[in-house]
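Construct the complete structure from the given sequences, taking the supplied hints into account.
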Amino acid sequence: MNTRVVLDTDFGRGERFAAARAQGGRLHYIGLAPVLPPAPDGLQDLWPLDVPGFHRVILDQDATLDLLVGAPDAVLPQIRAHVDEFHLGPLAPSHARLLAGLAVQGAALHARAADEALVWALTAAGFACRLAPGVSVDVATAGVRPAGAVTAETASAPPDIDAVYRGRMG
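Numbering (my numbering), first residue to last: 47 to 216.
Each hint should be verified, as a subset may be incorrect.
[Said to hold, decoys possible] Distance ranges between label pairs, derived from CB positions: (1) ARG212 x VAL97: 33 to 43 Å; (2) LEU144 x ASP91: 27 to 37 Å; (3) GLU162 x GLY88: 34 to 44 Å; (4) VAL97 x ASP119: 10 to 20 Å; (5) GLU162 x PRO80: 20 to 30 Å; (6) ASP208 x ALA68: 18 to 28 Å; (7) ILE104 x ARG176: 29 to 39 Å.
No wet-lab data here; the hints were simulated from the structure.
All C-beta atoms in this analysis are idealised placements derived from N, C-alpha and C, irrespective of residue type, glycine included.
Structure below.
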């Protein structure tokens with residue numbers, strides 16, 4: 047059985063992690079958070095200490111959570127994975143190539159509050175981006191949601207941008 051690998055740059059309180067886990071199958075979930083979030087219900091005994099860095103939580107034989115606590119610039123380069131699905135919060139365009147280096151062919155990417163610069167950077171890195179209906183990308187207003195503001199409502203809301211990794215051209 048294949049393991050689905052998900053990278054979430056805006057882990058929040060783990061709502062998307064819980065939803066991914068509920069889908070079943072083998073899951074390796076990589077979540078980034080600026081500070082250690084509170085433990086989700088039922089995981090208090092397994093939750094890591096409140097220190098920056100890389101924390102691995104093995105929930106069972108089918109689910110592993112890697113929680114990287116710190117600034118994206120510090121923790122993203124630590125990741126060594128073949129990612130099938132990305133969930134992006136506000137992220138600097140300079141990270142697009144790093145994400146492309148982690149992506150498997152056909153990897154799905156979902157972004158909220160993405161600005162025009164990120165869309166261009168993702169496209170240049172090999173992602174085929176598509177704006178959600180009714181969404182316009184505006185550099186002046188995009189990315190204003192504070193980090194860690196993922197709620198149950200926003201975790202299940204449709205993303206502003208969907209993309210698929212097609213590979214780098216030339």
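Identify every previously stated hint that the structure contradicts and give their numbers, smallest first.
none
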